[in-house]
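**Q** Read off the chains here:
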Amino acid sequence: MLFKEKNIKIEDGFEKRREIFNKIIEDTISELEKNCQSIGEGKTAEVKIMNERNSICLKIVDNSKIRKNGVHLNNEVNEEIEFLDKLSDKNFLQTIGIEKKIVPKPMFSKQSGNYGFLFLEKIEGITIEDFLKQKSNNKLPENFNWESYFAKLENIITKLNSAKLFHRDLHEGNIFINKEGDPIIIDFGDACETFLSDEDPYHQEKYDGNIISYIPDMQHVKRIKEKILNLI
Amino acid sequence: MKVSKDYRLAVKAAAEKLEKDTKKVSLEKPYGGSYVSSEINFISENNKAITMEFREIGIDRDGKFLLVLDNILG
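Protein sequence lines, in the order shown, are assigned to chains A and B.
Under the working numbering, the first sequence has 141 at position 153, and the numbering climbs by one with no breaks.
Under the working numbering, the second sequence has 79 at position 9, and the numbering climbs by one with no breaks.
Treat the hints with caution; some may be incorrect.
Derived Cβ-Cβ restraints for the label pairs, each shown as a range [as the list claims (entries may be wrong)]:
#, chain 1, residue 1, chain 2, residue 2, range
1, A, 210, B, 90, 53 to 61 Å
2, B, 87, A, 184, 28 to 36 Å
3, A, 118, B, 78, 30 to 38 Å
4, B, 131, A, 87, 40 to 48 Å
5, B, 93, A, 10, 36 to 44 Å
6, B, 78, A, 168, 44 to 52 Å
7, B, 132, A, 31, 24 to 32 Å
8, A, 200, B, 90, 40 to 48 Å
9, B, 131, A, 112, 29 to 37 Å
10, A, 142, B, 92, 29 to 37 Å
Calculated cross-link-like contacts (lysine-lysine; reagent style DSBU-like; alpha-carbon spacing at most 35 Å) [what the hints assert, rightly or not]:
#, chain 1, residue 1, chain 2, residue 2
11, B, 93, A, 4
12, A, 110, A, 4
13, B, 82, A, 98
14, A, 11, A, 121
15, A, 74, A, 110
16, B, 87, A, 167
17, A, 167, A, 194
18, A, 167, B, 94
19, A, 11, A, 127
20, A, 53, B, 72
21, A, 140, B, 82
22, B, 87, A, 215
23, B, 82, A, 194
24, A, 213, B, 75
25, B, 134, A, 127
26, B, 93, A, 88
27, A, 121, A, 4
28, A, 89, A, 194
29, B, 94, A, 194
30, B, 75, B, 90
31, A, 36, B, 90
32, B, 99, A, 31
33, B, 72, A, 36
34, A, 147, B, 93
Okay, the calculated bits of chain B under chain A, using three or more residues with CB under 8 Å as the criterion [claimed, not checked]:
#, stretch
35, 82 to 92
36, 96 to 104
37, 130 to 143
No lab work stands behind these hints: they were computed from the structure.
Since the model is a prediction, treat every value here as computed from it, not as a measurement.
Ideal Cβ positions, reconstructed from N, Cα and C, are used throughout, including at glycine.
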């Protein structure tokens, strides 16, 4: 990077810094909107990158799809970044008995009008959904073993659930196989943390009194495991 | 806007390496598009930089450094 001396006083007040940060993020978002490729799409969000070399991707959440009558039904990006931060914290992971990384690292989040933007690490690897679509072992790491992979995934889910953390949307597109053959979990838009022992994370009352039901995390994992082991 | 704790820790880890002879340190992956510099009289050409104090990120040292967000996509 070339540096050029400039006769500029660098403003370092808190507000000025916030302004600069916001400007950089907004510029990057505009740049991405003009020149980007989509690498994933879900019910409420799309994930984009500028090019394959990028190590950071941008998740864009359509807030109109996660809000009803002004109340949000899923986590907004500023809540999702907190989940990712907690699950990226090596000390926290060690405390609950997890040794390796299990989620992409988060960078910044920003709410802007109808959209939420979350900058996070791009995972090198494929999702289980990608594998099922291609039905090919070509993109799996060398010596990859599904039994061992699912044992690791079940262990992660058991430990997270014991720590009162629940993903609640563990479908095939939200679970990666990284280059080391380990599970990486993405999309914490539906995740929750319970605090009371009698709270049921999979049946939650929403603003209108309706109960929303989720499939338990381990049930998802067992279903996917059975599907894959029957296929290979 | 929220800046993740993980990113802040990466800034701290890089800033701790700034020495008299090491004036520029890139952040660890995946944040390699950002770096810190002790040359606060200089600014990157596109002005994508902010100044920070060592103490405000938990480093026991006087003075300031520059956090340059050259390409946040890495």
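**Q** Which hint numbers does the structure go against, in order from smallest to largest?
**A** Violated hints (numbers, rising): 2, 4, 5, 6, 7, 8, 10, 14, 17, 19, 22, 23, 25, 27, 29, 31, 34 and 35; every other hint is consistent with the structure.
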